[in-house]
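Those protein sequences? They're chains B and G, same order as listed.
Position in the first sequence counted from 1, then plus 382, gives you my numbering.
Position in the second sequence counted from 1, then plus 31, gives you my numbering.
Keep in mind that a hint or two might mislead.
[Claimed, not checked] Selected chain G positions facing chain B (in silico; Cβ < 10 angstroms):
| id | residue |
| --- | --- |
| 1 | Val81 |
| 2 | Thr85 |
| 3 | Glu87 |
| 4 | Arg93 |
| 5 | Leu135 |
| 6 | Arg147 |
| 7 | Ser192 |
| 8 | Ile210 |
| 9 | Pro214 |
| 10 | Phe230 |
| 11 | Ser238 |
| 12 | Phe239 |
| 13 | Ala240 |
| 14 | Ile245 |
Hint data in this document are derived by calculation from the structure and do not stem from the laboratory.
It should be emphasised that the depicted structure is a prediction, and the values quoted were computed from it without experimental measurement.
Glycine is no exception: its CB is placed at the ideal position from the N, C-alpha and C atoms.
Each chain is listed here by its residues.
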Amino acid sequence: MSIVSINPRRNGDNGFRDGEIRRKRSDTLVGTLRREFGEKFANGFRGDTKLATVLRETDSQSLSDYLRHPRVPGRPATARDTARVLGVSDARAERLINTVKREMKLDDRQRDGGTVYQQADTGAFVTKKMSGSTHAKTKSTKARTTRSKKRR
Amino acid sequence: MPRRRARRRGRPGRRSDARPESVFLNIPYDSQFENLFLAYISAIISLGFVPRATLEVPFSRRRLDRISDLIGNCRYSLHDLSRVQLDRTAPATPRFNMPFELGLTVGLYKAKERGRAWAVCEARAHRIQKSLSDLNGTDVYIHGGTIQGVFRVCREIFVGSKRRPSVQQMMAVYRVLRIGLGPTLHAAGQDSPFNAPVFRDLCVMASFAADRLIGL
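Chain B extracted, bound-state conformation (with noise of 0.2 angstroms):
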């Protein structure tokens, strides 16, 4: 595969190895370098985006690195990319959405002192949570007798 730099200084090889390096302009178009490395080649830009503006959006060196590591120019995948690319219809996907929404809700109320338990006929899962005040009003039962204890 033959390495190509768009900055050579930062080579310190003035951008050439083994002889077969071509130097490539910051400004050459992508649609240029897909006649070269592909039509996948920068996969998520247009083809009259220069070379530069894609090393840029990729935080990549150079032409090399971004060639040598899987970088994903385009946007991460959604809960519907996801859905559509594995052929899971519009009704099914709002559905598990939903469920989780309700999870994440049940997850967020376990983290501040609830127990889940798990519906033995549905599967579903149930929030039981000691309500705050009870919670303090024993804190303050206790706290109250050791005070009485200590006067005695």
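Given the coordinates of chain B, work out where chain G should sit on it, guided by the hints.
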């Protein structure tokens, strides 16, 4: 006139409608691997990719062709070769599916255009030098058979991903998936997550959890 043309062409450098990238996940489908299966799904989705697996491919005469198509459609692929032990059920045999699919991937990726990448994961260091010595000289990622280890190696492999979640954030997604597994299995009438409907449901659920917990 030039103004109108500029408007029609759009701003140079602006991104087109980017399609999210998929990762082919090649892992053993057995009950002992359930935690790591969920960990891989959580990690891949947290990093902004869509996991694909042979679970989606139905058993038919053209199964091998469909697996090849699936691998060919994924830009990246992850191969876990940690299950090298003999099967417990008689006749005791090792699983050859994972090394076979790794070979298929390497062949396909060599034939296709550049920019594709595959990575191999193992639970124990140096074992692959004995089990698959053809990979000598290739970096193998060691996860140690732990959930955190899987998160760590996935972050190392996809160092250039746009979304950079921490191990803790991945763990939060895993936690949501773990809580959701019971009701999902119940709804699908299954007792194992290694089937297409459960796998798809888990991926959508994890993806939504990642959107919420990590952000876009």
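Using the nearest Cβ pair, does Leu135 (chain G) come within less than 10 angstroms of chain B? violated, 19 angstroms
So, Phe230 (chain G) near chain B? Judge it on the closest CB pair being under 10 angstroms. Result: holds, 8 angstroms to nearest chain B Cβ.
How about Pro214 (chain G): closest beta carbon in chain B under 10 angstroms, or not? Since chain B brings a Cβ to about 5 angstroms from Pro214 (chain G), closer than 10 angstroms, the hint holds.
Under 10 angstroms is the threshold here; is the Cβ of Phe239 (chain G) close enough to any Cβ of chain B for the hint to stand? With Cβ-Cβ at 4 angstroms, under 10 angstroms, it holds.
Would the hint on Glu87 (chain G) stand, with a C-beta cut-off of 10 angstroms toward chain B? With a minimum Cβ separation of about 7 angstroms from chain B (threshold 10 angstroms), the hint on Glu87 (chain G) holds.
Once the shortest beta carbon distance from Ser238 (chain G) to chain B is found, is it less than 10 angstroms? holds, 4 angstroms
Hint Ile245 (chain G) vs chain B: min CB-CB distance below 10 angstroms? holds, 8 angstroms
Should the interface hint for Ala240 (chain G) be scored as holding, given a Cβ-Cβ cut-off of 10 angstroms against chain B? holds, 5 angstroms
Should the interface hint for Ser192 (chain G) be scored as holding, given a Cβ-Cβ cut-off of 10 angstroms against chain B? holds, 5 angstroms
Closer than 10 angstroms between Cβ atoms is the bar; does Thr85 (chain G) clear it against chain B? Give me holds or violated. Cβ of Thr85 (chain G) sits 13 angstroms from chain B, so the hint is violated.
Report holds or violated for the interface hint on Arg147 (chain G), using the least CB-CB distance to chain B and a cut-off of 10 angstroms. Since chain B brings a Cβ to about 8 angstroms from Arg147 (chain G), closer than 10 angstroms, the hint holds.
Would the stated hint for Val81 (chain G) survive a check requiring a Cβ distance to chain B of less than 10 angstroms? holds, 5 angstroms
Checked against the numbered hints above, the structure violates hints 2, 4 and 5; every other hint is satisfied.
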